[in-house]
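Undergrad: Whole structure, please, built from the sequences with the hints as guidance.
Residue numbers (our numbering), protein chains in the order written: chain A, 1 to 258; chain B, 1001 to 1311.
Honestly, I wouldn't trust all of these hints.
[Stated by the list, open to error] Listed next, with one range per pair, are the computed distances between beta-carbon atoms: (1) A/233 with B/1010: 27 to 35 Å; (2) B/1147 with A/173: 44 to 52 Å; (3) B/1013 with A/86: 34 to 42 Å; (4) A/232 with B/1094: 43 to 51 Å.
Just so you know, the hints here were simulated from the structure itself, not pulled from any lab data.
Being a predicted model, the structure only gives us computed values, none of them experimental.
Positions of the beta carbon are idealized from the N, C-alpha and C atoms, including for glycine.
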Amino acid sequence: MAISSESRSYDRDLAQALSGRGAPKPGRIIGPRGKAAEKRFDVYRNNVAYSIASALLDIYPATARVIAEDNFRRLAALYLERHPPRSPLLFEYGREMGAFLARFEPLSHLPYLSDLARLERAWLDAYHAADADPLDGETLASCKPEDLPGLTLKAHPTMHIVASPYAILDIFNANRGQIAERRRINAANAQTVLVTRPQLTVQLAGISSGQAAFMEQLSAGKPFAEAIGAAQARDPGFDLASAIALMIESGAMLPPAQ
Amino acid sequence: MTGTHPNRATGNGRFPAFSLGADAGASFKPQHFDAILADHSAIGFLEVHAENYMGAGGPPHALLARLREIIPISLHGVCMSIGGLQPLDKDHLKRFAALVERYEPAMVSEHLAWSTHDDVFFNDLLPLPYTDETLARVCDHIDEVQNTIARPILLENPSTYVLFEESSWSETDFLKEVVRRTGCGLLLDINNVFVSATNHGYSALDYLDAFPLNQVGEIHLAGHDEQADDEGAPLLIDSHDRPVADPVWTLYGHVIGRCGPVPTLVEWDAEIPDWPILKAEAMAAGEILAHAARRTASKRNGAERANGHLV
Chain A
1 MAISSESRSY DRDLAQALSG RGAPKPGRII GPRGKAAEKR FDVYRNNVAY
51 SIASALLDIY PATARVIAED NFRRLAALYL ERHPPRSPLL FEYGREMGAF
101 LARFEPLSHL PYLSDLARLE RAWLDAYHAA DADPLDGETL ASCKPEDLPG
151 LTLKAHPTMH IVASPYAILD IFNANRGQIA ERRRINAANA QTVLVTRPQL
201 TVQLAGISSG QAAFMEQLSA GKPFAEAIGA AQARDPGFDL ASAIALMIES
251 GAMLPPAQ
Chain B
1001 MTGTHPNRAT GNGRFPAFSL GADAGASFKP QHFDAILADH SAIGFLEVHA
1051 ENYMGAGGPP HALLARLREI IPISLHGVCM SIGGLQPLDK DHLKRFAALV
1101 ERYEPAMVSE HLAWSTHDDV FFNDLLPLPY TDETLARVCD HIDEVQNTIA
1151 RPILLENPST YVLFEESSWS ETDFLKEVVR RTGCGLLLDI NNVFVSATNH
1201 GYSALDYLDA FPLNQVGEIH LAGHDEQADD EGAPLLIDSH DRPVADPVWT
1251 LYGHVIGRCG PVPTLVEWDA EIPDWPILKA EAMAAGEILA HAARRTASKR
1301 NGAERANGHL V
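TA: And the structure:
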């Protein structure tokens, strides 16, 4: 026995059979005492497909609720074929879901879905991101006024900004956790969402385009003065005091490097 | 409980050094966190899946650190792919070692199974043939893990649904030889024994008789689902979604009767009930352990009395 089967590795054989839809059971896989092993091998096929769809369901609960779980599991099966997990850390999985949904013709009547998925992915990234003390008001106040225009900051590891032409924050809130009350959402309201994790609780806040520009510029390493300029250019009504208050309260930035 | 009265700090000084007794424990699920803080006196330890704590920070680490202060933690790896032919994922091994270093768990375990091929992760405990070649590979992988984390691991027997035509070792002989070559211990999952025995038509008791029980550092109990094989006979699925089945309790009593009390975990990973239900399931295992401990103690006392007569 053995020479032919051992030269073709069992893990490659099973991996092939578990990857392709309709791929046959490997011949070396048998049942006990001459019993068949088709349904037996299906247990592994089902475990893989079901558990990975469940992982996606955990990552994208609001997206799944919008289209209903059965539909989401069908979507997950298609996604799995296209983008199998490349890491044993399933909380890292599903990063292409936003782009996948944007190109997914059967759901093109729900154009907000891909941005909703991006927001859910950002939520989970914030949840697992590194712990660090954020920039607080005292530290900022202790900066000399003449140093402020040139001050540079880094984004807190938990901070993400997700902008959409749709009301993704309202849709997110209406479809995660217990639905408190049904109310009409105007999906066409553009929303930009700041994701942070003050006191270990992931927090989402709707922010203005100017606030988003301000924090995006700071995160990109631009000095304060330049970030303010970019914010004013994008949003003539940009209010610096409220943007700084938001930045501090949400824990969006790290303290300046010592 | 032996586990709840630490009197010194661990090597790195961050956590209490619990001495783990032969207590009953339960899988830790984050939704039980508050209930466990309020009521964990009946539980000797909690077990976590290592991969769930491999993020950089946030609530998972905050919860685990808090638990580690009050109760022994068992670290159970699910995705090391020890049973694969390809080399271990060095990044994953590094993450695993960092968790061992950070939390100093009371026990560390992994599976005789594989889950990654090339770089694709299948998220299941996939089976391997038992041959001289896979034996050598599994031992190399265990050596690598144990050298990296600088302590022995417990290796868990799998639930299987299929066999490989090229297998030339029995599972129990394979495990015995892994232990002999690597110095690892074993995690005996009695539900897995019952599931595999049913699925492959052999006696679970015969399997346990052949199992090196003296190498068992931990026992797992869990619930299983029943489906049908190709011929319509029962095919059991290791689902961890319900209470432990009666025949598994019977086998557990048999094992504890033979080898004495061993730390025992009740696993529950899907359709997770409220904490009191999982806790009660663990306490049922605790009863069996306590009974065995009393019997061992009375045997010892009897022996001492007998020795006294001799002297």
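Undergrad: Hint by hint, say whether it matches the structure.
TA: Here is how each hint holds up against the structure:
no. : hint                          : result
1   : A/233 with B/1010: 27 to 35 Å : violated (55 Å)
2   : B/1147 with A/173: 44 to 52 Å : holds (49 Å)
3   : B/1013 with A/86: 34 to 42 Å  : holds (37 Å)
4   : A/232 with B/1094: 43 to 51 Å : holds (46 Å)
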